[in-house]
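Undergrad: As given, the protein sequences belong to chains A and B, one line each in that order. Heads up: the first sequence runs through residues 76 to 439, numbered per our numbering. Heads up: the second sequence runs through residues 244 to 755, numbered per our numbering.
Rather than coming from a laboratory, the hints here were simulated on the basis of the structure. Misleading hints may appear alongside valid ones.
[To be verified] Not the full set, but computed from the structure, chain B residues with beta-carbon under 8 Å of chain A:
#1 K521
#2 R570
#3 G598
#4 T606
#5 V611
#6 E612
#7 V741
Fair warning: this is a prediction, and the values are worked out from it, not measured in the lab. C-beta: ideal position from N, C-alpha, C; glycine also.
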Amino acid sequence: MADQGGTQVTKGLSARSFSTRPGVLSVLAVASALLVGFIAIALAGKDASGGYTRMIEGAFGSPAALGETSIKTAVLTCTGLSVGLAFVVGLFNIGAEGQFIAGALAAAVAGHALRLPAPLHVPVALLCAAAAGALPALVAAWLKVQRGVHEVISTIMLNWIVIYWVHDWLVVGPLRAPGAISVSGTAQIQATAELPRLLESSRLDVGLPIAITLAVMAWLLLGRTVLGYEMRAVGANPDAARVAGIPVARRLYLAMGMSGALSGIGGALLILGTEHHYPGVFRTGYGFDGIAVALVGSGHPLGVLAAALTFGGLRAGATRLQLVGIHPSFAELIQGLAVLFVATRALFAGGLDRVAARLGRRPS
Amino acid sequence: MNALELVGVSKTFGDCVACEDVSLAVRKGEVVAVVGENGAGKSTAMSVVCGLYKPTRGEVRVNGRALEPGSTRAAIAAGIGMVHQHFMLVPPLTIAENVALGAEPGRGPIFDRKKAEDAVAKLSKDLGFGLDPRQLVADCSVATQQRVEILKVLYRGADVLILDEPTAVLAPAEAEALLGTVRTLAAEGKTIIIISHKLREVLAVAARVAVMRRGKLIATVEASKTTASNLATLMVGAGVDDGAHGAGAKGPPKDRGERVALLRGVRAVGDRGLPALKGVDLELFAGEIVTVAGVDGNGQTELAEVLTGLRPVGEGTFELSPAASSRDAIAHIPEDRQRRGLCLSLTVGENLALGRHRAKGLTKSGLVELVDASARAKLASDLIAELDVRPTDASLPASSLSGGNQQKVIVARELLATPRLPGSPKLALVVAVQPTRGLDLGAIANVHARLREARDAGAAVLVVSLDLDEVRALGDRIVVMAGGRVVAELPAGADEAVIGRHMLADGDAAHG
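All chains, please: the whole structure from these sequences, using the hints.
TA: Shown next, in the form of structure tokens:
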């Protein structure tokens, strides 16, 4: 990342504005969460070390496990980037869940209805998902810009609008697979729309490379482009940005649109990669977990990637906890604790500064 | 015995020595001023006194007893109260509620509002403040808010008052009144320390003046045995350009050039939806500095916003010459630097590019427009060196700079960045609102010199200032605003009394 050693400002100003300190705090937060989770399991009278061993095996122990982790990491990266990108302009996008569902449904429809050669079908389906995810996000941005409606309120309400439309109407009604045995769910997507798998022995597909590419693109956008700089200025101080001639409303639309598109792509990766149709019941929580991923990743695209890997591994490994009689919800506990510790990072920050001072350099 | 004593106080932040071995003794009932340039360590030393910072070495004694270091609670208990430069008030609460906040009278959980209001009314009457304890702070003027701050520390039983640049935000008449309050308090036996840049005020009110430079207290002089220029010399360590605060514009007035801006009967509403400009007539010409005098809140801010395109014109004619029609040709130093001038969480380097960030010299074209990081870094280090921004590291967040240095960042960006960027238009219009507020003498002289340079390079310059010295020092032409109108146009170096008369006479009439 940015060169922290030089004393002169000869390189990467914009990249330097991302400091390393939040990253250290996030690592400490996740470590503390794992520790407290460990203690909680032990207090419940279960085999904590055995459980953690199984969880790590379940996340990283085999090609199949890595495949599961990679799928979850890819999806969480998308929703985490989604929330993080809205944060950049100062907006709190709680609507990632609804945007995720909209994108997932659009991918399922495009994957089924379109007849395209494989190299085109996946990108087109992803674009449809991006557009579908962007739509509710842009509605929230429009309400914010035109009417001053707080985006937290509008995105929460839009979540329910999307959820009820899709689950209580579209997938049990007009979009339901004809002649299907199950009561709901859309038709299977074409083989050409399925995400290509990278390994025979696991479900590892191109979703992860796509998500990593998106994270790197977001990083370059924010750190290296004029547009990204303007977005960060809008987030830091919209008044000053306006005085500086930056079109604040347009940047809000852009960030929210990209935010929604990323959540939509996250939904598409799950549909095109593993589900292969939009199922009747599809309450994944990936959108809401995106908020946690963005927080733990402290808004930095590469931090989001790391946080997504952590939470993806937790999700994938959680099922193995049952093998030693531990309820899988302990994995959710750990995830929640990590967010709690990031949110209360001030408690860590003082100690971190003291350690850094002892090491003889100032964290910035 | 000394009411307050600093004994060898040093404070370092990492490698940065903010103040070093500062020793100062203040007697009961004495008024002592602490002067020094931005970053000289005045505020740091006083923050140690009121317990905000723990000194690295040394101690603070109150009435001979050592104070627990780094404890604001201990400082308050010992009778030390600080009135900060940026007010710490809660706008939706009343004056009495603000004053009592944190020390509310009452039984258990019940707040005894009546008791608080009575206490505040009595304090206010004793000092001749004439405040209504039930008024909302949100509805108070800046001067009134400052009085509330002073009442707040007195209410807590402070015997030692520290005032951080108390007159920086006040109009001349209000500043006079404040100095009167300081004298009253001192006569009652309160001990007062004033941090200030304004040497004339300092000499008018303080018995002794402590001069700080680069973290050290280099001299303590009797006010009666020194002069403003002596103090200035001590502060900067060498003779300063007296032109900064001298009378009259520097250099002969040049022939003014083409008309850059024309306003005829311009009306505009302010932030609260009330008329702020009520028919402004004004012309600005290239190669001329026009200074605007007036009591704060008489339309100066809104005039600046109209000129920079931030506030729509309701009625009347407003025209800019073609040269000033491009945004890059207009420099704007806004009144509220933290709200409008800076993105505090971004770096100094990023702030130095704000608003000029799309200029050709600062971008690289690629698939999308890219930030040219090395060009930005070069610009940042040049500007930082030229205006002496401290600390010099452009990768620090702007929030880590002192207020004076933040102002330098804005001034450098607005006045110096554009001429350095290839392909950018010449500055045609410079609108500066209180460009030197909170700056020290050296920096003020520097900013004035930059404004004159911009004029000499052919820009029309408009400077709004509450400081009549500045209005007279800079203006090739002086206009006075009152009640949302230009009520007088005066030649360079017009008499202070004449300007003041126009400011007040018409202003009061228009307020009704």
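Undergrad: All hints, please: hold or fail.
TA: Each hint, compared with the structure:
1. K521: 24 Å, violated
2. R570: 5 Å, holds
3. G598: 3 Å, holds
4. T606: Hint holds; T606 of chain B Cβ to chain A Cβ min 6 Å, cut 8 Å.
5. V611: Holds, about 5 Å.
6. E612: 4 Å, holds
7. V741: 34 Å, violated
Comparing the model with each earlier hint shows violations of hints 1 and 7; every other hint is respected.
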